[in-house]
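These protein sequences, in sequence, are chains A and B. Taking our numbering, the leading residue of the first sequence gets 1, the next gets one more, and so forth. Taking our numbering, the leading residue of the second sequence gets 1001, the next gets one more, and so forth.
Check before you lean on any hint, since a few could be wrong.
Restricting the straight-line Cα-Cα distance to at most 20 Å, the calculated cross-link-like pairs of lysine to any residue (SDA-like) are [unchecked claim]:
(1) B/1115 to A/52
(2) B/1061 to A/60
(3) B/1115 to A/55
(4) B/1061 to A/59
(5) B/1061 to A/63
(6) B/1061 to B/1116
Hints in this document: simulated from the structure, not taken from any laboratory. Small disclaimer: the values here were computed from a predicted structure and weren't measured.
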Amino acid sequence: MASDAVIDVTARYFAAFREQAGTDAERVTTGAATAGDLYGELAERHGFADARGRCKVAINDELSDWTAPLKHGDVVLFFPPVAGG
Amino acid sequence: MSFRISSTPIDPDELKRRLPDAHAGACVTFEGWVRDHNEGDAVNALEYEAHEPIAVAEGTKILAEAAQRFDIVAAYGEHRVGRLEIGDCAVWVGVSAAHRGAAFDACRYIIDEIKHRVPIWKKEHYRGGAAGWVNCATGASGTRRDSEAAETQ
Chain A
1 MASDAVIDVT
11 ARYFAAFREQ
21 AGTDAERVTT
31 GAATAGDLYG
41 ELAERHGFAD
51 ARGRCKVAIN
61 DELSDWTAPL
71 KHGDVVLFFP
81 PVAGG
Chain B
1001 MSFRISSTPI
1011 DPDELKRRLP
1021 DAHAGACVTF
1031 EGWVRDHNEG
1041 DAVNALEYEA
1051 HEPIAVAEGT
1061 KILAEAAQRF
1071 DIVAAYGEHR
1081 VGRLEIGDCA
1091 VWVGVSAAHR
1101 GAAFDACRYI
1111 IDEIKHRVPI
1121 WKKEHYRGGA
1131 AGWVNCATGA
1141 SGTRRDSEAA
1151 ETQ
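Required output: the full structure, derived from the provided sequences and hints.
Right, here's the structure in full:
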């Protein structure tokens, strides 16, 4: 698929990201080809300050890589740095 | 082997009863408690949040990894979510094994991996009213930024 295709995805935010974005989920129309590209776009929009390497992403409830390609209809979960324990 | 997210208080005695086995000669358990300070700040309470489906899947995977790496009989883990007060148990890990070495090693492996990999987030509420997400640079309500991992233990 061409990387310049425009798709609709759902972005879900957790913890610090949710508070910063002011919502737990939103519909996003994007030209982002990968999860990492989408993070860059949304980090700029919402002011997420955490380096991507310290965060995690899941696509459709499966942990994924930042290089994973996105397709129309995906639900993309953005996890800020974890702090269990 | 199972890992659970709980919104009700962790009961270490009840969890420990899941471990005994006739083959086990050792049992190592770990409890992470909420303490009243972190990096010089007085902490009043903690709030934990998890994405439960992935937290359970990743936690269960960690237990399976421990069972592969170490010669253990059983392992179990549980992590709290919600608001916790000072002294509350935030996380519990228990391992049984034929011998103590494997039980200690597996328990340490499991708690370390939980802290690094499982999608659980911790918000500290400080004396004075401020609050902040531990480890996160994002978020305007904290008093610190990008701090080192705060630990309950």
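Query raised in the report: Tell me, which hint numbers fail for this structure?
Result: none
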